[in-house]
Amino acid sequence: MNNRFLTGEELPFCKGCGHTGIAEHTEKALLNLGWSPLDVILVSDIGCHGIVDKFFTSHTVHGLHGRSIALASGITAGLNDQSKKVIVFLGDGGATIGMQHLIDAAHNNFNMTLVIHNNFLYGMTGGQPSELTPMGFKTPTLPSGASSEGYDICDLAMAAGANYVARIMGIGDFSEALATAFSKNGLSVVEVLEVCPSYGMKANPGMKLRQVAEEAAIEVKVYADRNHKSWEPPFLTAPDSLFSSFDCLPAMFTSSIEKPVRIMLAGSAGEGVQVAADFFAQAAVTAGLNVTKKGSYPVTVGVGYSASELIVSPDPIFYTGSPTPDALIILSNDGLSFARNTASRMENGEIFIDASLPVMNAAVSVIPIDFRNQAGPRNAAFYALFRYLTHSGIFPAEAMKKMIGESKLGAKINMEKLFQLP
Amino acid sequence: MVQAGADVFIGYPITPANLLYAYGSRRYPLFLSAPDEITTLQWMTGFAATGKLPVTATSFPGYALMLESINMAYMMELPMVIILVQRLGPATGTATCGAQGDITLLNGMISGGFAIPVMSLADTQDCWEIPAKAMQMASRLRTPVILFTSKEEVMTSYSYDISRFSGISPIRRNNWDGSGKYKSYRANEQLIPSFLPVGNPDHQVRFTASTHDEEGNLQGTSKAGLDNSTRIHQKILKNMAEYTYYELDDAHDSTTLILSFGITSRAAHEAVISLRKKGVAVSHLVPKTLLPVPPVYYEIASRYKRVIFCEENYTGQYRQIMFGYSSPDHISGVNSFGKMIDPSEIVREVLRDE
Ligand SMILES: Cc1ncc(C[n+]2csc(CCOP(=O)(O)OP(=O)(O)O)c2C)c(N)n1
Ligand code: SF4
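Chains as they are written, first to last, in our numbering: chain A, 1284 to 1705; chain B, -7 to 346.
Errors might be hidden in some of the hints.
Unchecked claim - For lysine-lysine, the following DSBU-like pairs were computed, each having C-alpha atoms within a straight-line distance of at most 30 angstroms:
#1 A:1311 / A:1491
#2 A:1577 / A:1691
#3 B:269 / A:1577
#4 A:1337 / B:173
#5 A:1491 / A:1298
#6 B:173 / A:1542
As the list claims (entries may be wrong) - Stretches of chain B that chain A covers, calculated by requiring three or more beta carbons in the stretch to come under 8 angstroms of a beta carbon on chain A:
#7 162 to 174
#8 192 to 199
#9 211 to 218
#10 259 to 268
Derived from the structure by calculation, the hints contain no laboratory data. Quantities reported herein were computed from a predicted structural model and do not represent experimental measurements. Virtual Cβ for every residue (Gly too), placed ideally from N, Cα, C.
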């Protein structure tokens, strides 16, 4: 295989199109730098410039309009190999529709080079203006000329953190400028100003590229040249094992329940409802039961209610929806507001409600208990579940005591005291 | 999935997929938080092009943004698994409410109506086995695979018996090792092209999402190009039998079949138990491979006088996919919107004419 980057076939662009020069000077720059084709991955966007991949002998990846930078970012990250060169070809159209990706690639400083083919318009779709079309520049769909300035994409790339940013004039031999960009570490961005004869020239007869740039005060210069750290994959050296966060729970206790029992615990955010329910669920497993558990809380997790629905059953549990519970435990005003509807639907079972709350009317017995005062608001959920277990006997409260005692929480909660409370 | 060989989890947070994102950040050898879902899918495709197996999890709003990019990965024939945790739509809908409302979308998400594999999970055993199989399928068939789940599955904790989980062996990727010129899209008799990553020092690799021939060159509407595109659809159909998973609980003498999947299959399971206690014989089909609809489901359905589709969506999407918008009289549905289907609703439908 020869070492050329272009196949040598005639490039597919209109006569005089600036894209031809970019392809040819890219090859020249890469040859001068001593790269070989199979160390280079050319990622191209959708647009006239993108149909060039067939003519390159490097690896080529041709994706979606505007997404080439993100695609190439993934390739760069996946390769994680400084001995490979990732180059992205995209138009002013692709660069602007995919602006998020440009900012993001600069911000991460992915190790690759973006070559923005800026011909001030969308070539492939018929010469519509882009956001980089300079004031007054006409296109076939905008014969009166753009009425606002295009923005400076180099400024943006620089501000977002790209190591190297430059704008060059796509006239004559600009391979050296491309080579400079290709040799930089981290993200390098080159915006090449060029002409689309078929639409740009036609809509602006006699236009001169230099003159357009000058009138629009588009500067040809190096914006940034720095050597900040390029992206490195944050490999997890010791990822969690699948089961490490919870040990296997052997059955140590027994339960004599013969059918599923559903419990709803409803209290306030920040008062340990979910944690207490977790311990309850784990304890039930050690009593040889099947368990499911789900939490309910508002999206703003720090305020309002916090509730947990638990099902314990000697048989496998299938349906985990919320028919009315067998036991409803209400710990606070927030919990009461959340559970009021559930309470009114209950035809069997019991409601345990904190003694501070108004006594409610229900078809089942409502038992007021001084959860909060006795145990303190932070421990009320634990205390309530202990009380419920002793009261109902569905499985030994001892199981929950053991679960908590063996956890980090064991040292923080005075369980003997909770246990001895009335 | 990590045990099966997933290399990287890339995500953008969204309720109710956040737990998977959090899990991914601790469990995967590499975890990347992308700035949006389009980027997520593009990065994943980039990783896949270099030979890595990427995973993400999202919900409809994020999935919608991914759509064009999933089509891209599909056309490029690059493997990945996308976990779709369904929530209540339309649009932002209700983030904290489950649903099974995106089946029609999945069925038609590839422009051209091409098949993309969609797998669903019914219980903890499936949670252990099916994702690994999805990963294998993605890798071997060179395709994105969708894991179809919902809020109530992902945000409910279930106890399970760890001793029932058997080992998962890592995927062996069969990269091309032929002689002569490598062509990125030259397919074998299974219609699967063998893989080489970009950046390899020996052979040029071309990936493209535009209509292309077996070398990956742009084709317009040439025969070579169109043949290659339709091959991708045929590739999925041809190999699906190997990845068709379902459970059929067939009651002797039953004339009614309940068909349900995912979270709803749990309610249906309970309904079946209570019906049988009452002496009503009823059978239950739980598809795990949802799409493309495996032909065997039609064969199974044809054995019963009545088929009842239970699904947590408003319109009966899977029923429509299988039996059309105007389904025959013996096909009916139990549907719900904004709440899980209760076993009693299924029981009622089974007993409707009794
Ligand atoms: C999502 C999407 N929107 C629109 C298009 C149609 N489209 C194709 S190329 C293009 C613009 C191309 O302009 P530019 O990126 O500047 O490249 P050029 O053709 O000038 O080289 C557009 C809008 C598309 N392919 N995809
Ligand atoms: S239409 Fe314009 S941009 Fe496209 S190839 Fe022709 S000259 Fe180049």
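Results of checking the hints against the structure:
For the hint linking residue 1311 of chain A to residue 1491 of chain A, the alpha-carbon distance of about 25 angstroms falls within 30 angstroms, and the restraint holds. As the CA atoms of residue 1577 of chain A and residue 1691 of chain A are separated by approximately 22 angstroms, the hinted pair is consistent with the 30 angstroms bound. Annotation: proposed proximity of residue 269 of chain B to residue 1577 of chain A holds, straight-line Cα distance about 28 angstroms (limit 30 angstroms). Between residue 1337 of chain A and residue 173 of chain B the CA atoms are separated by roughly 16 angstroms; this keeps the pair inside 30 angstroms, and the hint holds.
Between residue 1491 of chain A and residue 1298 of chain A the CA atoms are separated by roughly 16 angstroms; this keeps the pair inside 30 angstroms, and the hint holds. This hinted pair does not check out: residue 173 of chain B and residue 1542 of chain A have alpha carbons roughly 66 angstroms apart, beyond 30 angstroms. Closer than 8 angstroms: that is the beta-carbon criterion, and the region 162 to 174 of chain B has 0 residues meeting it against chain A, so the requirement of 3 is violated. As drawn, the region 192 to 199 of chain B meets chain A at 8 residues by the rule of a beta-carbon pair under 8 angstroms; at three or more, the given contact holds.
Taking a C-beta to C-beta cut-off of 8 angstroms, the region 211 to 218 of chain B contributes 0 residues in contact with chain A, too few for the three needed, and the coverage statement is violated. Counting residues of the region 259 to 268 of chain B whose CB lies closer than 8 angstroms to any CB of chain A gives 4, which reaches the minimum of 3, so the coverage claim holds.
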